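Enquirer: Given these sequences and hints, build the entire structure.
Just so you know, the protein sequences line up as chains A and B, in that order.
At position 316 of the first sequence the residue is numbered 316 (full-length UniProt numbering), and the sequence of numbers has no breaks.
At position 224 of the second sequence the residue is numbered 224 (full-length UniProt numbering), and the sequence of numbers has no breaks.
Since the hints were made in silico from the structure, they are not lab data.
Rough simulated footprint, nothing fancy, chain A against chain B, three-plus residues with beta-carbon under 8 Å:
1) 90-104
2) 261-271
Pairs of lysine to any residue, SDA-like flavour, derived with a Cα cap of 25 Å:
3) 133/A to 320/A
4) 102/B to 150/B
5) 50/B to 106/A
6) 119/A to 92/A
7) 53/A to 117/B
8) 53/A to 106/B
9) 110/A to 37/B
10) 50/A to 113/B
11) 62/A to 313/A
12) 102/A to 64/B
13) 53/B to 114/A
14) 4/A to 324/B
15) 119/B to 92/A
16) 50/B to 136/A
17) 102/A to 87/B
18) 53/B to 308/A
19) 312/B to 6/A
20) 110/A to 58/B
21) 336/B to 202/B
22) 50/B to 315/A
23) 119/B to 20/A
24) 150/B to 200/B
Since the model is a prediction, treat every value here as computed from it, not as a measurement.
Glycine residues also receive a C-beta, built at the ideal position from the N, C-alpha and C atoms.
2 protein chains.
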Amino acid sequence: MNKKNITFSDIAEYTHFSKTTISRYFNNPDSLTLENQQIIADALEALDYKENKVARILANGKTEFIGIIIPNLYMHYYSAILDQILSTYEKYGYKFLVFTVKDNEETERKYIQELLAYKIEGMIILSHNLTSKELASYNIPIVAIEREDKHICSVNTDNYMGGVQATSLLAKSGAEILIHINADLSPEVPSYERIHGFLNTCAEQNLPYELILTDTGHSYEESIDVFYRLLDEIDQKYKDKVKGLFLPNDTFANIILNRLFQRYGKLPDDYKIVGFDDSPISRESVIPTSTVGQQIDKIADTALQILSERIKENHKRKPRTFLEPVHKVITPILLKRETTK
Amino acid sequence: MNKKNITFSDIAEYTHFSKTTISRYFNNPDSLTLENQQIIADALEALDYKENKVARILANGKTEFIGIIIPNLYMHYYSAILDQILSTYEKYGYKFLVFTVKDNEETERKYIQELLAYKIEGMIILSHNLTSKELASYNIPIVAIEREDKHICSVNTDNYMGGVQATSLLAKSGAEILIHINADLSPEVPSYERIHGFLNTCAEQNLPYELILTDTGHSYEESIDVFYRLLDEIDQKYKDKVKGLFLPNDTFANIILNRLFQRYGKLPDDYKIVGFDDSPISRESVIPTSTVGQQIDKIADTALQILSERIKENHKRKPRTFLEPVHKVITPILLKRETTK
DNA sequence: TTGTAAGCGTTATCAA
DNA sequence: TTGATAACGCTTACAA
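Expert: In structure tokens form, the structure reads like this:
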């Protein structure tokens, strides 16, 4: 802060080159002789030059910023996704400006404006506040992850396949009645497909089943109440049957597993449980819980692949104005653990 | 991208004001008459103006960027901290550029250079790769969170107090032998103080204790091996005593709790357990685990308070060149749950 | 292979 | 209360 910043002008003066040549040293070094490259390199060292990407952005329009809007980082799924997105820096070079948004449309719009003011080149959206139609109207490359995505690109887990895998595993482990509990989802969110996967598998294999769509609570405490009640009902209703429970996430699976352990000191033989997400709790539960794992690294990489392609397209002198949204699907991985023995 | 961006020049032309006046409309509206404010407001609307903060930064030097270097977002503690840091946007207005760095000095230096190139105004560091001395040499405001912090500002949990709270709770719950297991930490990291808190409490209250400092493993699987072995040893050694176990985090506490549950179908009366962090696993464990909670919201807010003060100082025409590092300490909160009944 | 000069879209300084 | 003009530090034609 003390002495003024070293700029290309200073280096130009010092080396008796022009600013342009200094710029070339950074952007197209091969166009300089090796000697001259060395001279400039030495000068940078001698003057302790620090690059200024803000000036570069203003001049060439490429910020290499990608904006991320994510509901929170408190839930493991979201932080795991962000973790993987951030680590794509080494491969793609984009820097990430991250905002968390609770359920508030106006806030989300405000944050998007802020991101646009910083000239982000693309955006990754995990929140559910704005429709994909509105998002598409911003006219910048956008990838949605696990949310409604009609009008924008997206990367999702193959939720249908996940539902099939979970249901089949329960069936194979000896379940006589298959039960899937889920929130009453909108058919537009990708995870709705898990329900289809469950239903179709039961139908195809001719398995008795029950589908319970209900409010699963908005906090851990609420969810505990909900699932304790449901478990009691199920216990009553299917007393003499082996019950196969497919839960929409590992947290819910864990609530049920804990309840059974607290009661019986073990997982009774007439209960089989499968969760979803392969979150830490599924490994750290009192006995390891079977679950359907999302390939979060692939999801993140695919999202960046889509973005970087479209960003490159925008940098062409004559970018195509409209590209159809693409929708990629990543296969989940079934993890057979102790709760489906 | 199609038609060129609307700039102050366009608005100036449209309204017959100068660029300067348009700038004033944004930065010092009171210096314009209400009429003229309205005229400009209408023009912005009519022309669909989008602000460009990159240009503004280049002109006034204020990016409002803060860089964050964090080991990962996979561990809940880190993502919880980042979550709270991001939500300070509403209060302080800073935007965050986030990098994750594994154990690699060179990578961290590279990322810091990148952050500096984007003219960040401050930095929050949670990683352990570089010494605080080296970090201080970058000459920008930096706050460390739970890491070595001799030469830079920091915000930490009062780890000593945490150790005292945990140990006292175990004592009160009837433990006859107090055991603290921890990694063989450097005395420079803040969490080392937990050990002091444990030892001093045992000494003051004249309690029998054992301090086990050992390699706790570098993965969940490794940790399981370590703690199963330790538990067997403890079980042998203190057969007829009520054992009070103070673990350095909730994950480790959970490993022990699960092992006991798997063996006995419940937490035996001669085991009392306290973890650290109030991470989700402490609530979601087979029975809720007592733990010491860090006030992560306060930690994040305090970090930003320190940064924003120092950044403001830097914006003064004559900033003080050197400010002593400040070290803030946030009191932890003891959570008494089922494992210390 | 190198240089000149005109941007990029703001803000700051000084003057009116 | 408003304006003219020179920064801010880099890139990009176009020339040589």
